[in-house]
Amino acid sequence: GEKVEQHESTLSVREGDSAVINCTYTDTASSYFPWYKQEAGKSLHFVIDIRSNVDRKQSQRLIVLLDKKAKRFSLHITATQPEDSAIYFCAASMTNTNKVVFGTGTRLQVLP
Amino acid sequence: DMKVTQMPRYLIKRMGENVLLECGQDMSHETMYWYRQDPGLGLQLIYISYDVDSNSEGDIPKGYRVSRKKREHFSLILDSAKTNQTSVYFCASTLRDNQDTQYFGPGTRLLVL
Numbered sequence: 030g031e032k033v034e035q036h037e038s039t040l041s042v043r044e045g046d047s048a049v050i051n052c053t054y055t056d057t058a059s060s061y062f063p064w065y066k067q068e069a070g071k072s073l074h075f076v077i078d079i080r081s082n083v084d085r086k087q088s089q090r091l092i093v094l095l096d097k098k099a100k101r102f103s104l105h106i107t108a109t110q111p112e113d114s115a116i117y118f119c120a121a122s123m124t125n126t127n128k129v130v131f132g133t134g135t136r137l138q139v140l141p
Numbered sequence: 039d040m041k042v043t044q045m046p047r048y049l050i051k052r053m054g055e056n057v058l059l060e061c062g063q064d065m066s067h068e069t070m071y072w073y074r075q076d077p078g079l080g081l082q083l084i085y086i087s088y089d090v091d092s093n094s095e096g097d098i099p100k101g102y103r104v105s106r107k108k109r110e111h112f113s114l115i116l117d118s119a120k121t122n123q124t125s126v127y128f129c130a131s132t133l134r135d136n137q138d139t140q141y142f143g144p145g146t147r148l149l150v151l
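Chains as they are written, first to last, in the working numbering: chain A, 30 to 141; chain B, 39 to 151.
Derived by calculation from the structure, the hints in this document are not laboratory data. Treat the numbers as computed from the prediction; the structure is a model and nothing was measured. Just so it is clear, CB atoms sit at the ideal spot from N, CA and C, and this is done for glycine as well. Be a bit skeptical, because a hint or two may be false.
What the hints assert, rightly or not - Here are some chain B residues the structure puts well away from chain A; computed CB gaps all over 10 Å:
hint, residue
1, D97
2, R103
3, K108
4, N136
Stated by the list, open to error - Using C-beta positions, here's what the derived DEER-type ranges look like:
hint, chain 1, residue 1, chain 2, residue 2, range
5, A, A69, B, L58, 43 to 51 Å
6, B, G101, A, Q138, 29 to 37 Å
7, A, R136, B, T121, 25 to 33 Å
Stated by the list, open to error - In silico DSS-like cross-links for lysine-lysine, where the CA-CA straight-line distance does not exceed 30 Å:
hint, chain 1, residue 1, chain 2, residue 2
8, A, K97, B, K51
9, A, K97, B, K108
10, B, K107, A, K71
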């Protein structure tokens, strides 16, 4: 089955710098790639997604890139702020199953 | 206001006791999910429900069962809880399927002694 690997378990950046979180997936049938944010002690909420028919998507300070050839996708957070500190989960899902497979999460710390 | 609710939020049980975790959503979403979250493991899928009485095992269904008798409610049942089922359990829902945004509940922290 699909496996999603999230390469950075922790990431520290200075406020104002960019942060990049990388994920890889195994199944070429994966077509939907959402990202979720989990603040300390809270639940997950959706931040941005990308579908396999595009290779870049931007929502304000968030940019998602998708490289289908390399089976890799990444979340770029520009001009980081303290409130960006959280755990970020990448995920992948295929159209032929109803599962969503999550990475293990990246703890992002934005330092003042 | 789109919302997924979970009850209870915290629960302590003894090994061998039965556990009922409840999830509700007010969005008429078709598909609902139960996950557990353990440190270093991310989210693991326990069960999926496509609609009323239409449920499917996820990746770690052993020791769990589910019930969905109304579209807006999805229950997770642990018959005879085990200590290794201590975890944080999240319910989620999507409008139709896994190509849609998942909305997560606040989680239930379960401790099995």
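A quick look at each hint next to the structure:
With a least beta-carbon separation of about 8 Å from chain A, B:D97 fails to lie farther than 10 Å from that chain, contradicting its non-interface assignment. Every Cβ of chain A is farther than 10 Å from the Cβ of B:R103; the closest lies at roughly 18 Å, confirming the non-interface assignment. At the 10 Å boundary, the C-beta of B:K108 stays outside the reach of chain A, the nearest C-beta of that chain being 20 Å off. With a cut of 10 Å on Cβ distances, B:N136 falls inside the contact zone with chain A, its closest approach being about 4 Å.
Checked against the hint of 43 to 51 Å, the C-beta distance between A:A69 and B:L58 comes to roughly 28 Å, which is inconsistent with it. Checked against the given bound of 29 to 37 Å, the beta carbons of B:G101 and A:Q138, roughly 35 Å apart, stay inside it. Separated by about 27 Å at the C-beta atoms, A:R136 and B:T121 satisfy the suggested range of 25 to 33 Å. In summary, the hint linking A:K97 to B:K51 is not supported, as the alpha carbons are separated by about 46 Å, beyond the 30 Å threshold.
As the CA atoms of A:K97 and B:K108 are separated by approximately 39 Å, the hinted pair breaks the 30 Å bound. Between B:K107 and A:K71 the CA atoms are separated by roughly 28 Å; this keeps the pair inside 30 Å, and the hint holds.
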